[in-house]
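Those sequence lines, one after another, are chains D and P. Counting in our numbering, the first sequence runs from 87 upward without gaps. Counting in our numbering, the second sequence runs from 87 upward without gaps.
A portion of the hints provided could be inaccurate.
According to the in silico footprint, chain P covers these stretches of chain D (three or more CB under 8 Å from chain P) [to be verified]:
no.	stretch
1	91-101
2	108-114
3	162-171
4	187-195
5	218-229
Pairwise CB distance ranges (calculated) [unchecked claim]:
no.	chain 1	residue 1	chain 2	residue 2	range
6	D	A139	P	A181	26 to 32 Å
7	P	T290	D	P182	21 to 27 Å
8	D	G94	P	G198	37 to 43 Å
9	D	A89	P	P239	39 to 45 Å
10	D	G160	P	P182	44 to 50 Å
11	P	A147	D	S337	51 to 57 Å
12	P	L305	D	Q164	51 to 57 Å
13	D	M177	P	P339	34 to 40 Å
14	P	I88	D	A139	34 to 40 Å
15	D	G97	P	R268	55 to 61 Å
16	D	L330	P	R132	34 to 40 Å
These are calculated hints, taken from the structure and not from any lab test. Every residue, glycine too, gets a C-beta built ideally from N, C-alpha and C.
Protein chains: 2
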Amino acid sequence: MIASLVNGAPGNRVSILDRGLQFGDGLFETLAVNRNQPCLWQAHMRRLETGCARLGIAMPAAEILKQESRQLLGDLEQAVLKITITRGSSMRGYAPADGPVTRILSLFSWDGPATGSVPVSISSWRLGLNPSLAGLKHLNRLEQVMARRALPPNAREAILMDIDDRVVEGIAANLFLQQDERLLTPRINDCGVAGVVRQLILDTAADMGVKVEEAHVDLDALLAADGLYLSSSLLGIRPVKTILGEDWRPSVPMHPLLQEVQSRIFQA
Amino acid sequence: MIASLVNGAPGNRVSILDRGLQFGDGLFETLAVNRNQPCLWQAHMRRLETGCARLGIAMPAAEILKQESRQLLGDLEQAVLKITITRGSSMRGYAPADGPVTRILSLFSWDGPATGSVPVSISSWRLGLNPSLAGLKHLNRLEQVMARRALPPNAREAILMDIDDRVVEGIAANLFLQQDERLLTPRINDCGVAGVVRQLILDTAADMGVKVEEAHVDLDALLAADGLYLSSSLLGIRPVKTILGEDWRPSVPMHPLLQEVQSRIFQA
Chain D
87 MIASLVNGAP
97 GNRVSILDRG
107 LQFGDGLFET
117 LAVNRNQPCL
127 WQAHMRRLET
137 GCARLGIAMP
147 AAEILKQESR
157 QLLGDLEQAV
167 LKITITRGSS
177 MRGYAPADGP
187 VTRILSLFSW
197 DGPATGSVPV
207 SISSWRLGLN
217 PSLAGLKHLN
227 RLEQVMARRA
237 LPPNAREAIL
247 MDIDDRVVEG
257 IAANLFLQQD
267 ERLLTPRIND
277 CGVAGVVRQL
287 ILDTAADMGV
297 KVEEAHVDLD
307 ALLAADGLYL
317 SSSLLGIRPV
327 KTILGEDWRP
337 SVPMHPLLQE
347 VQSRIFQA
Chain P
87 MIASLVNGAP
97 GNRVSILDRG
107 LQFGDGLFET
117 LAVNRNQPCL
127 WQAHMRRLET
137 GCARLGIAMP
147 AAEILKQESR
157 QLLGDLEQAV
167 LKITITRGSS
177 MRGYAPADGP
187 VTRILSLFSW
197 DGPATGSVPV
207 SISSWRLGLN
217 PSLAGLKHLN
227 RLEQVMARRA
237 LPPNAREAIL
247 MDIDDRVVEG
257 IAANLFLQQD
267 ERLLTPRIND
277 CGVAGVVRQL
287 ILDTAADMGV
297 KVEEAHVDLD
307 ALLAADGLYL
317 SSSLLGIRPV
327 KTILGEDWRP
337 SVPMHPLLQE
347 VQSRIFQA
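Chain D on its own, in the form it takes in the complex (with noise of 0.2 Å):
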C-alpha cells in the first residue's frame, strides 16, 4: 500500500468497533488511475451513492473524496484507488451507529491497464441468491473470498455460477456474450455486483442504439458463444480465450459497441 488517509487524515487502522469489521456493514468502490486521473469517477460516485442510500449510509460529499483522492495521488501516473465507506463505529450488537460514518482511501501500487486474454477457470463455488443486497458493491464478500481461495494456478478468473447453476459474473469481473451480432450480459438481480464498467456498456449501448440482453445465462450457453468478455474497472473489457488451462474459441473481432467502451475506460 503507498498511502493512505482514514476520515481525511493520514493513517491506516480503524477502530475494532468499525462496522466494517463487526459485520461488513459499508461499501466500498475500485478505481483505476491512469495519468494521474483516477478514472470513471462520476460513475463510481454514482454506484456508491446508490449503495449508500439502498443501505441507509450517509454517503460523504463527493467533493471531499475527490480533494481526498488528489491529496492521496500527488503526481503519481498509474495506481490503484480503493474508497471504502462504512456506517462508522458501534459497541457490539446490530444495532444502529449514531456516530459519523467512516470513509477509508488508499493507494496501490499498479501497472497500468493490460491487454490480451484472462485464463479462466469455472468455479465449483456457488453464489448465494440475495436479491435485496444484489447488485451492490458492499463489504460482505466472503463468497468472492472462497471462490478466489479455489482458483486453480493456471487461471486469473472464474466463471461463477449460483446456486440455480446460472451463470453469474467473474470473481472480480462482469462478463458479456457474443453470439453472432448479440451481445448479452447475465442479470444480477439475485446476486452478483452492478460494476461500473459493465454499467458503462450498458449505458453506451443504449446511446449507440445497440441492444445487450441482460438475460439468464447458462453454462452451456457461455460456452457456445462466439466471444466472452470480463469486464471490469483494473481489467478494462479483456477477452477470454483459455478456460480450464485450454484453448477455448478462435479470436472473434470484438463487438464495435466493446471497442468503444474499452477505449473510454481508461481515458481518466
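With chain D's structure known, arrange chain P on it following the hints.
For chain P alone, coordinates are given in the frame of chain D:
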C-alpha cells in the same frame, strides 16, 4: 467497551488491510460472562473451530483465547465477551492472505441474564439463500444489520423469513416452536446461524431422548404454535408472548427440555 486485546496486546485498532474489514473474511463469537466465567466456552470454541475449518482460516489455539479472555476479564462478574477471528491482513483484492490471522477479544458491559418475554415483530426483510455459508457466524452480517434497522421501537427482536418465505431465525437468536408435545426449530441449511444454544438444545435433546425436529416452518405454523422461544448466548431461552405489539399467546409451560437447557446456559 470495557477493554480489548488485538493479537494479545491491549489495543482497539486494526489495519485497514485487515480482511475482516475488507471482505468480512472472518468469524465471531459472543459469549455471556456470568460469575466471572465465560458461559458455554467449549461450545463456542467448537463452533469457532468448525467455522475456521469451513473457511480455511487457521484457528488460534483455544488455550491462548482462554488465557487472553481471563486476562481481559480480571475479576469482572458479568460482561459480554466478543471474540473475532479474521484471516489477517493482505493487499487489496481477493487473493489469499499468507500472514497470521487476527484475533480480537473485546469486553462489554452487561447486566446479566434477563428473564421474561421478548416482544417481537415480523420482519419484511428476507434472508438470502446461501447453503455454502449457512450456519456460520461469519462477519458478513449486512442482512442482520438491515433487519435490525427496520425493527420497530416496540420490538426487541424480529422473526426473519427467507426469500422462499420460510421462517429461519431471529435477528440475533434462533427460534424454537412448541406444539403440543412437539418441539421444532427451523432448518438452517440454506441460511441462518447455527447458534450455540440451539446446538446445546439439540444435543441435550438427544441425551434426554427427546425429539426436536429441524423442519421447514412457515409463518402460519409459527403463529399457530402453542409456544415460541428465542435462544441465544445472551438471551438464554426466552418466550415470545407479544408479536407486533399485540399479546399473542397465553403462557404455556416451557417444555422440560428447554427448562433443562435454560438452567445450564449461565452456569459458567
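Outcome of the hint check:
{"no.": "1", "hint": "91-101", "in the structure": "holds (count 5)"}
{"no.": "2", "hint": "108-114", "in the structure": "holds (count 5)"}
{"no.": "3", "hint": "162-171", "in the structure": "holds (count 3)"}
{"no.": "4", "hint": "187-195", "in the structure": "holds (count 3)"}
{"no.": "5", "hint": "218-229", "in the structure": "holds (count 8)"}
{"no.": "6", "hint": "D:A139 <-> P:A181: 26 to 32 Å", "in the structure": "holds (31 Å)"}
{"no.": "7", "hint": "P:T290 <-> D:P182: 21 to 27 Å", "in the structure": "violated (35 Å)"}
{"no.": "8", "hint": "D:G94 <-> P:G198: 37 to 43 Å", "in the structure": "holds (41 Å)"}
{"no.": "9", "hint": "D:A89 <-> P:P239: 39 to 45 Å", "in the structure": "holds (44 Å)"}
{"no.": "10", "hint": "D:G160 <-> P:P182: 44 to 50 Å", "in the structure": "violated (31 Å)"}
{"no.": "11", "hint": "P:A147 <-> D:S337: 51 to 57 Å", "in the structure": "holds (54 Å)"}
{"no.": "12", "hint": "P:L305 <-> D:Q164: 51 to 57 Å", "in the structure": "holds (54 Å)"}
{"no.": "13", "hint": "D:M177 <-> P:P339: 34 to 40 Å", "in the structure": "holds (36 Å)"}
{"no.": "14", "hint": "P:I88 <-> D:A139: 34 to 40 Å", "in the structure": "holds (36 Å)"}
{"no.": "15", "hint": "D:G97 <-> P:R268: 55 to 61 Å", "in the structure": "holds (56 Å)"}
{"no.": "16", "hint": "D:L330 <-> P:R132: 34 to 40 Å", "in the structure": "holds (38 Å)"}
When each numbered hint is compared with the structure, violations occur for hints 7 and 10.
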